[in-house]
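Enquirer: Letter by letter, the chains look like this.
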Amino acid sequence: MTLLALNPLVSPDPGLFIWSTVAFLILFFLLSKFAWKPIVKALDERERSIEDALSKAEMAKAEMAKLISENEDLLKEARLERDSILKEAKEIKDQIINDAKDQAKTEGAKLIEKAKDEITNQKLAAMAEIKNQVSSLSLAIAEKVLRNQLEDQDKQQALVNDLLKEVKLN
Amino acid sequence: MDLSHIFNSKKFFSIAIYAMLIFFLSFSAFSQEHATSDTAHATAAESHDAKPEKEEDISKMILHHIADSHEWHFFGHVAVPLPVILWTDNGMVSFLSNKFGHNDHGTELLDVNGTKLVYYHGKYFYPEAVKSADGTYIAYNNKGDIINSKPLDISITKNVVSLLISVTVLLVVFIGIANSYKKREGKAPKGLQSILEPIIIFVRDDIAKPQLGHKYRGFMPYLLTVFFFVWLNNLMGLIPFFPGGANLTGNIAVTMMLALCTFVLTTVNGNKNYWGHVFTPHVPWWLYPLMIPVEIIGLFTKPIALMIRLFANITAGHILILSLISLIFILKSVLVAGIAVPFVLFISVIELVVGFIQAFIFTILSALFIGMAVEEKHAEH
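Chains P and H, in that order, give the protein sequences.
Using numbering that gives the first Met the number 0, you'd call the opening residue of the first sequence number 0 and step up by one each time.
Using numbering that gives the first Met the number 0, you'd call the opening residue of the second sequence number 0 and step up by one each time.
To be clear, the hints were calculated from the coordinates, so they are not data collected in a lab.
Cβ coordinates follow ideal geometry from the N, Cα and C atoms, glycine included.
Just to be clear, a hint being listed does not mean it is correct.
[As the list claims (entries may be wrong)] Just a few of them, taken from the derived set where beta-carbon distance is under 10 Å, the chain H residues facing chain P:
id, residue
1, I174
2, V225
3, L247
4, V343
[Claimed, not checked] Here are the simulated BS3-like pairs of lysine-lysine, each with C-alpha atoms no more than 30 Å apart in a straight line:
id, chain 1, residue 1, chain 2, residue 2
5, P, K55, H, K130
6, H, K115, H, K130
7, P, K36, H, K301
8, P, K109, P, K122
So here's chain P without its partners, still in its complex pose:
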């Protein structure tokens, strides 16, 4: 305490202490009520609104990305569908061609068969005609030959003898 009493520098002055206490408390209450409260509130609110805006922007970005990816999916799907449709069409076309080919083949085969039958028939008819012609010709030839041979008596006798010999044998 003697040290404190010795040096006026470190002995607190009661008057100034009282005044500074009063002034500081008034300052504290006035500033808390009229300055710090609204300032801190405004700062908080602004920060919150900035954060909100940022998070909203982030959300919009995510939404955008989602839309884009959805679009891409759609596009991909459409492409796939187009591919499948094309493939299907190709299949159908192939099938139609094959069917047509098959039909043509069977039709052709049928036609060929018919033609063959016709040919055979014609051939048979021609053969029958030829046979008839040949038989009538040979009959005529035989008649003429027999007539020639039977003009002479001896010969007729010889023939009858021959025939008789043959009958005997039988």
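Once you have looked at the hints, place chain H on chain P.
Expert: Okay, now just chain H, sitting in the frame of chain P:
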């Protein structure tokens, strides 16, 4: 606020190096001059006992400058008298400080509404019945302390005026800013608002939140008030003329008041955990007789350290600047000004930084102490 860029800048270092250079150069110059003047004085016999008296005068002058005063001195003989308010044995008296002239040697009796007073070295005392040998009404005990009793001095002194100015400035500035926050709600800050907003956010994010955690909100008004009060008064103390120059934060009564506020807040808000640390510290029970007194002393040393730190830092800065200026008068050469003035400028710039740092330290330590008081129980404790 990150201060590292100040120390990182090349400019800072070049200034520092320049200052060091001047310091060493001037130091050698001083010692040379000192030596020559010593030999010169040695021949003149009476100079020897005049010299210590001169040094005494300088330290008295410095102490006078950083102490409180009943008048606001502007220049030369121009000074504004301030009201003196005394709570005497006969009730309250008040008068302007120049009513009884400027005699502060305690040799004159002042008659204030029938109460006899004596004005001695800037303070009012009740006079002794008879004049002492040195012609004053002041008596001393054998240790050299004044034994006269004093009336309670609640005058509007220079420091009180400065205090009121700073309080007014703070109120006008911050209520103005609060209004512009209301007016420009949700918009970007503008003007003064944009200068002070980063500092307010600095107090919130770098002082309050790290020390107080989620409970910071309730203590923001106190921390902001303390920070800006200390900072503004530190800066005003650096202005050598009106409205500054009052050395308010270098006055122990003011720092005591501030430290007491922190102490009251800490004590009032102390929770079970805090008092538990004081009265049932986590040591073996047989150490309690040692630890509990230590913890109780610790409750008081924290605000006392706060009080002395701010007071000593600011006062030291003022003494340093005044001492450097006084070198001109100690060495009795106007040429010294060529070195002393750049030096004063350098120290003043450092004091600008110190003014901010001390406000920051006072606030962060207050937040730390309050934080310790409101801290919830942790598993590791």
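Enquirer: Does each hint hold? Answer for all of them.
Expert: We went through each hint and held it up to the structure:
no.: 1; hint: I174; in the structure: holds, 5 Å
no.: 2; hint: V225; in the structure: holds, 9 Å
no.: 3; hint: L247; in the structure: holds, 8 Å
no.: 4; hint: V343; in the structure: violated, 21 Å
no.: 5; hint: K55(P) <-> K130(H); in the structure: violated, 85 Å
no.: 6; hint: K115(H) <-> K130(H); in the structure: holds, 14 Å
no.: 7; hint: K36(P) <-> K301(H); in the structure: holds, 29 Å
no.: 8; hint: K109(P) <-> K122(P); in the structure: holds, 20 Å
Figure legend: structure checked against the earlier numbered hints; hints not met, in rising order: 4, 5.
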